[in-house]
Amino acid sequence: MIEVKNLVKSFKDGPIETRVLKGIDFTAKAGEFIAIMGRSGAGKSTLLYQMSLLDEPTSGEIRINGKEAHLMSEHEKMSFRLKEFGYVFQDYALLPELTAIENVALPLLMQGLSKNEAENKAKMALERVGVGSRLNNLPSQLSGGEQQRVSVSRAIAHKPSILFADEPTANLDRESSSRVMEIFKELHGAGQTIIMVTHEDEYSRFADRIVTLDDGRIISEKFNK
Amino acid sequence: MFSIVNIRVGFYLALRQLRRASRWTTSLIVFVMLLTFLNLVVVTGLLVGIVAGISNQFRIQQTGDVMVTALDTKDYIENSPQILSFLETLPQPQVISARYGTSGTIEANYYSRIDLNEKPNETGASIVGIGPVVENDFSNLSKYVKEGSYLSENDYDTVLLGPQFVDRYSFGEQPGLTPLKNVYPGTKIRLTINGNTREVIVKGILDVPANSPLAARVFMPISEVRQLMGRTDYAVNEIAILLKPGTDGVAFRDLLKRSGVGDKAKVQTFEEGIPNGVAEVQNTFAMIGNAIGSIGLAVAAITIFIVIFINAITRRKFIGILKGIGISGETIIVAPLDGTLVRIMLIVLTTLIAGYLPSRMIVRKNTLDSILGRN
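Note that the protein sequences, when read in sequence, are chains H and Z.
Here the first sequence stands for residues 8 to 232, numbered as in the numbering used here.
Here the second sequence stands for residues 1087 to 1461, numbered as in the numbering used here.
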């Protein structure tokens, strides 16, 4: 499903160049739940952003469902992100002026669905993660855990091929974190491919495979039973 | 590419952002845009309106649509009776007013002046001989009579005074024009034309604005002026022609020129016949209007640029989120535009020019940098 070869990502700050990813080779198969771990600055979020086409690698190849993503135009990437990917960010990344249902419906509208169709699908997605009673609340009227569940709903409402999650539990309390991870587990059980960055061992146990990075390189891969 | 989906989702975002944004912020933006709009449209519109008003005042009160006047080498229109007869045969004119015009002096309070060394209360004046009925049909002159009454065809030794000659209505002294004191309807004044002096009675006093061509004129029936001028050949000084609605003034002017009237007199449309001073005022106002309009347009563009730029800067993170979840850049550009459209539909064009650039600049930024708030 995703194949990454010799992926390099550098950041330039004037004459100083910092190489964050130093030639990563990585593969994710359909239906897998992968946890990317590592200490701060190891490059795990950077790797996620390259694979999820939110950022441009400095060099290397990314193939997604057989397509050479590193050669795609910005417009093709945008279309790919809209149809094939779902994103869950650490800070939820909800639009503050849109209600929960509107936040979830927005990408569906962009896919060409009518307002009614989009809002029906959004409602189903929100009910699936247990926030069906907060459809018309603005993000500011929701708790952190509820906001993250709305964010998960937005990510899965259009049935993406891959769900990318960047530290989805970092801002949540234990109870909310567990709730989100239970949702991920349920989604994975239904066949959803998930690639999640986390630094919490406790939640990496939900994944099939744990990939650990250090200093821009993969240092270990471990399969959970 | 802007597509239906882009615009639809753009409106979806814009309407909700507007509905749920801070009322104070929205009010401030609307207020700034309103001022910009007023500056752009109303001020320029006022100046254009004033220019049009001055032109139209001269058209309806003096020149009509086409004006026939004496050639520069003559004091009067040659063959005036023949020209008037010819004009009467044409179907286009609605009213034709032939006028005599000369300069003279008027003097008031001479009967109470005991000391001959005392400066007389007199002033130079433009004396116009009119057919009272025809002139009233032409310029509706009787409507402007504030005190006294309008002239009639059989009046003799009576005049109508423009407000500039009466001190209580005067707009201030002008060179060679001193307002008369204690002049009311029924007051006797002394009128002198070409050395011929006659005592006449003020029958009425007009009330018109300072820029009206009627403001500094003294009106008398034609026969009276002819006598005082000593003119015996019925040659008039100007013929003002008001055309029937829908008639083209330029075409009628050309018709008169082709028919030989142009050989005996100057034939001009009302735009051409407007006095130089007034034309200069018009040109000045038009120039000021253009300058203010241009500055207003620039200010409007800059204002809207700033409003949308600040909006785009402060919403950078959310623009990044929108891009991240697959909302196209065009939709993101359309959304603030839609909001602006809803706020003020009337400055769409300026918004488009000024709003597109900053939005585009932000949208072109790296998606991840935007989400993470990095520079």
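Be a bit skeptical, because a hint or two may be false.
[Stated by the list, open to error] Here's a subset of chain H near chain Z, in silico, CB distances under 8 Å, partners left out:
| # | residue |
| --- | --- |
| 1 | A100 |
| 2 | L113 |
| 3 | Y210 |
Derived by calculation from the structure, the hints in this document are not laboratory data.
Source: prediction; values computed, not measured.
Here a beta-carbon is modelled for each residue, glycine too, at the ideal position from N, C-alpha and C.
Hint check:
1. A100: It holds, given that the least Cβ distance between A100 of chain H and chain Z is near 4 Å, below 8 Å.
2. L113: Status holds, d = 7 Å.
3. Y210: violated (22 Å)
The earlier numbered hint that this structure contradicts is number 3, and it is the only one.
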